[in-house]
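Participant: Each chain, letter by letter, is given below.
Number of protein chains: 2
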Amino acid sequence: MTEEEVRLVIIQSLRDGGRKSFQDIMSELQPYDMAYQYTHLPSKNKNKFLLYLTIEQLTDLIPELNQEEQLEVLHKLGVEKSTKILDLMENDKLASILSTLDPEIVDELISEMKKEESEIVHILMNYTPETAGRIMNNRFVWIPQHYTVREAVDKLKAFAELAEYLNYLYIIDEEKKLVGVISYKDLLLSDLQDKIGDIMYSRVVTVDVNTDQEEVAKIIGRYDFVSIPVVEDDHTLVGIITVDDILDVIIQEANEDIEKLSASGKAIDFNTKSYIAAFRRLPWLILLLFIGLISGSIIDGFSSTIEQVIALSFFMPMIAGMTGNTGTQSLAVVVRGLISQDLNFKQSLKLVMRELWVGIIIGAICGFLISIIAYFWQGSFTLGLVVGSSLLITLIIGTLTGTIIPLLLYKLNVDPAIASGPLITTINDILSLLIYFGIASAFIAQLT
Amino acid sequence: MTEEEVRLVIIQSLRDGGRKSFQDIMSELQPYDMAYQYTHLPSKNKNKFLLYLTIEQLTDLIPELNQEEQLEVLHKLGVEKSTKILDLMENDKLASILSTLDPEIVDELISEMKKEESEIVHILMNYTPETAGRIMNNRFVWIPQHYTVREAVDKLKAFAELAEYLNYLYIIDEEKKLVGVISYKDLLLSDLQDKIGDIMYSRVVTVDVNTDQEEVAKIIGRYDFVSIPVVEDDHTLVGIITVDDILDVIIQEANEDIEKLSASGKAIDFNTKSYIAAFRRLPWLILLLFIGLISGSIIDGFSSTIEQVIALSFFMPMIAGMTGNTGTQSLAVVVRGLISQDLNFKQSLKLVMRELWVGIIIGAICGFLISIIAYFWQGSFTLGLVVGSSLLITLIIGTLTGTIIPLLLYKLNVDPAIASGPLITTINDILSLLIYFGIASAFIAQLT
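Read top to bottom, the protein sequences are chains R and F. Its first residue numbered 1, the first sequence is counted upward by one per residue in UniProt numbering. Its first residue numbered 1, the second sequence is counted upward by one per residue in UniProt numbering.
Just to be clear, a hint being listed does not mean it is correct.
Note: identical chains are not told apart, hence a pair may lie in one copy or across any two.
Stated by the list, open to error - Quick list of in silico lysine-lysine cross-link-like pairs, BS3-like style, CA-CA up to 27 Å:
id	residue 1	residue 2
1	Lys-218	Lys-93
2	Lys-350	Lys-46
3	Lys-195	Lys-177
4	Lys-218	Lys-44
5	Lys-411	Lys-44
6	Lys-273	Lys-411
7	Lys-176	Lys-350
8	Lys-195	Lys-155
9	Lys-115	Lys-44
10	Lys-195	Lys-20
11	Lys-157	Lys-195
12	Lys-44	Lys-346
13	Lys-346	Lys-273
14	Lys-350	Lys-273
15	Lys-20	Lys-48
16	Lys-115	Lys-157
17	Lys-273	Lys-218
18	Lys-115	Lys-177
19	Lys-84	Lys-46
20	Lys-46	Lys-346
21	Lys-350	Lys-44
22	Lys-48	Lys-177
23	Lys-177	Lys-411
24	Lys-273	Lys-20
25	Lys-76	Lys-177
It is worth saying that the hints were derived from the structure and are not from the lab.
Work out the full structure: start from the sequences and follow the hints.
Facilitator: Written out as structure tokens, the structure reads:
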């Protein structure tokens, strides 16, 4: 059945059938599909749709909706039903929903929630954004190490509804410190009488609550884990992070890199309103406007040179553009490389040397090419030489700028992607104009 | 223990202890850690390290190494041991290792492998790169629907070593067609006498073998699945894709987007040799060189205007730079947005209208600002008006170019990221010069 056919059946069951026939359809849908159907339903059917869903289904549905729809649904359900749902919801999803709501509404909702649940949410929302503590959830199953396999399986059965993933059981000691882990596969292959302490795996890979989410993604990707335990400084187990949360982190971090590299402004998507998008993009553009005026005053400084040989201005955009671009190329290589690999000083130096050679090779080839073109276009051998040698030098410098600036930022613990494309481009613009007109002024006697 | 301490213990056990003490350490290490230790071991210890590992451990170790080390290890182990390992290896990892090896070596290795295994690899390597067929593996467990829960659990136990993840069991009919799925959690919560056919979930989300890997990532991310079944056209189950493979896909696709947006050349990382990196980056740079010459000839065409009012050239880099940048901003928003959301014609039109408004807002603000600056800097009201109105128009056009071009490419089923940053920048460069000098020429009488 296509999405549209499913929708027609849903509408029909809402109109003619009872709750039972509606539930028969719902039990076959994934939360994403449920949310898709809800979003595309005619407004007049939406209330009954929500009414017919169970609390558990609503708990699954809400995190899949966008922010506006979440608000709308919570509003339609009323405070009492909403808090029941929030009590049931995984804490990481709950924290992310609450963090987008109006503080007043959050307070109202939390005050109605179970004390135990609301405390957990408070703790979760107090961790720094984009750290392990903020994205972890507490839906894991733990056992003491003196358990037998049989006891472990029984506890697992009792908590199966609660546990988000059933791949690992975590083993803790009397002080709630994490001492081991056992996969469900190992449980299955063991004898029911075996002691957990004997068969568990004790070199557990963990992350600290304060670990950056990007680092967590790196570790999960490295080990191909489905989930990873999160511990406090004293090794107390406080949560787990699952790979589906990490998928979102990786997409978000890649988007942030692209936002920074293209200076496109924070968090603009297809649904952002035009004036919000405009004001998020403006700061960068105004900065660039002023930096662009520096280029203007450099040209102003060399205006007598240009007035004498107007042909010099023909090559200006090409030299500035290519220098800017070679810098962006190097920048992209550095920023993306640092995502999967850390660099020490020696490796950084090796990279800078590599990029120096890249600059020399592309500078020599492009410089030679433009010399020939300039000579045939303008009929001046000196002009060809000036343009060609300028391009050689500016491409080398552009490549190095695009490599060294992000590496320096990285060493200073600043996100290297902040050295965004346009910033590198503008620095290279200014350097390339200085070099080009500097060389041209030196040869001005031969050029005129 | 730190990585270095572990390494010292390993070296000691290789020198003094026997295989048993070495295995005690290894059993606590993850494949990634094993590979890390192997890579950082002094060369004289490496042979013994490999000798002491079991075939299963070698099978886990090899996919974690880089290409050169893989070759080195396979060479050290010899053909006989290597083929044993390749027989055991997950097919997707195997296919990705073989696809980087020399064809002659591949033929030699495959000819020694078990017929059954080598046939599967042949089939896998025949799928188009970057499709579901190429990244799937066949380590899944399937059962017929007449099984009881008890029979299912027994089969699962028998195949537990083989199954990469134990989250789902797939249910197939007599013709090997996929008819249902059941999670391990559901098995656990069911009665041992229940029939699988009664409790299975029959609306299975699947992907086709030819589905693009980016689309697979979108689906897995959407549903928070740990794995997804892959089927042929006739719905025969042929493999599964697991979320850890998808993590790699998402990182790879984000890198490709950044490569294209910054035109930084295909697959350059920290280890790429300088001449290779240079030649991968050159095609773009040479293309940009020629496009840059078009800007040059536009300036050439307007050289009499510039000669009359040299101050016009001061604002040239700023206008071109800002138009280019606003285009890149829009481009980045479109390219990244399309990763998580598909657009129909109506939505595309809405997006274009949104970006038109963004262009008008930022154009009006930046244009007004630069008018004032130009007036105070050069003391000419007309010049201020010319520069400001040019910036207003070019920013609107730049924003639209950066939106419409990738959307058109997307409708034509071309990857919109190919409309790379530099390309949009260059198109906008040319347009902005034409508009700026066009307006300036119209007012030339008032400017001189």
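Participant: Taking the hints in turn, state whether each one holds.
Facilitator: Against the structure, the hints come out as follows:
For the identical chains of this complex, Lys-218 and Lys-93 are neighbours both inside a copy (22 Å) and across copies (19 Å), given an alpha-carbon limit of 27 Å. With identical chains, the CA atoms of Lys-350 and Lys-46 are at most 27 Å apart between copies only, with a shortest distance of 25 Å across copies and 61 Å within one. Proximity of Lys-195 to Lys-177 under the C-alpha cut-off of 27 Å is restricted to the intra-copy arrangement: shortest distance 19 Å within a copy versus 41 Å between copies. In this assembly of identical chains, Lys-218 and Lys-44 lie within 27 Å of each other by CA distance neither inside one copy nor across copies; the values are 46 Å within and 31 Å between.
In this homomeric assembly, Lys-411 and Lys-44 never come within 27 Å of each other (Cα to Cα): the closest approach is 57 Å inside a single copy and 34 Å across copies. Proximity of Lys-273 and Lys-411 under a CA criterion of 27 Å is satisfied inter-copy only: 24 Å between copies versus 37 Å inside one chain copy. Within a single copy, Lys-176 and Lys-350 get their C-alpha atoms no closer than 46 Å, and across copies no closer than 54 Å, so neither meets the 27 Å cut-off. Taking CA atoms no more than 27 Å apart as the test, Lys-195 paired with Lys-155 passes in both settings, with 14 Å inside one copy and 24 Å between copies.
Taking the shortest alpha-carbon separations for Lys-115 and Lys-44, neither the intra-copy value of 36 Å nor the inter-copy value of 61 Å comes in at or below 27 Å. For the homomeric pair Lys-195 and Lys-20, the shortest alpha-carbon distance between copies (23 Å) is at most 27 Å, but the shortest distance inside one copy (46 Å) is not. Within a single copy, Lys-157 and Lys-195 get their C-alpha atoms as close as 18 Å, and across copies as close as 19 Å, so both meet the 27 Å cut-off. Taking identical chains as interchangeable, the C-alpha atoms of Lys-44 and Lys-346 lie at most 27 Å apart only when they sit on different chains, with a minimum of 23 Å there against 66 Å within one chain.
Only between protomers do Lys-346 and Lys-273 lie at most 27 Å apart by alpha-carbon distance; the minimum there is 16 Å, versus 47 Å within a single protomer. For a Cα distance limit of 27 Å, the shortest separation of Lys-350 from Lys-273 across copies, 11 Å, qualifies, whereas the shortest one inside one copy, 46 Å, does not. Proximity of Lys-20 to Lys-48 under the C-alpha cut-off of 27 Å is restricted to the intra-copy arrangement: shortest distance 13 Å within a copy versus 66 Å between copies. Taking the shortest Cα distances, Lys-115 and Lys-157 sit within 27 Å of each other inside one copy (26 Å), while across copies they are farther apart (42 Å).
With identical chains, the CA atoms of Lys-273 and Lys-218 are at most 27 Å apart between copies only, with a shortest distance of 25 Å across copies and 34 Å within one. Taking the closest pair of Cα atoms, Lys-115 and Lys-177 come within 27 Å of each other only inside a single copy of the chain (24 Å); across copies the shortest separation is 49 Å, beyond that limit. In this homomeric assembly, Lys-84 and Lys-46 come within 27 Å of each other (Cα to Cα) only inside a single copy, at 20 Å, whereas the closest approach across copies is 59 Å. Proximity of Lys-46 and Lys-346 under a CA criterion of 27 Å is satisfied inter-copy only: 23 Å between copies versus 62 Å inside one chain copy.
In this homomeric assembly, Lys-350 and Lys-44 come within 27 Å of each other (Cα to Cα) only across copies, at 25 Å, whereas the closest approach inside a single copy is 65 Å. Taking CA atoms no more than 27 Å apart as the test, Lys-48 paired with Lys-177 passes in neither setting, with 47 Å inside one copy and 37 Å between copies. Neither within a single protomer nor between protomers do Lys-177 and Lys-411 lie at most 27 Å apart by alpha-carbon distance, with minima of 34 Å and 55 Å respectively. For the identical chains of this complex, Lys-273 and Lys-20 are neighbours neither inside a copy (41 Å) nor across copies (65 Å), given an alpha-carbon limit of 27 Å.
Proximity of Lys-76 to Lys-177 under the C-alpha cut-off of 27 Å is found in neither arrangement, the shortest distances being 43 Å within a copy and 43 Å between copies.
The structure fails to meet hints 4, 5, 7, 9, 22, 23, 24 and 25 from the earlier list, while all remaining hints are met.
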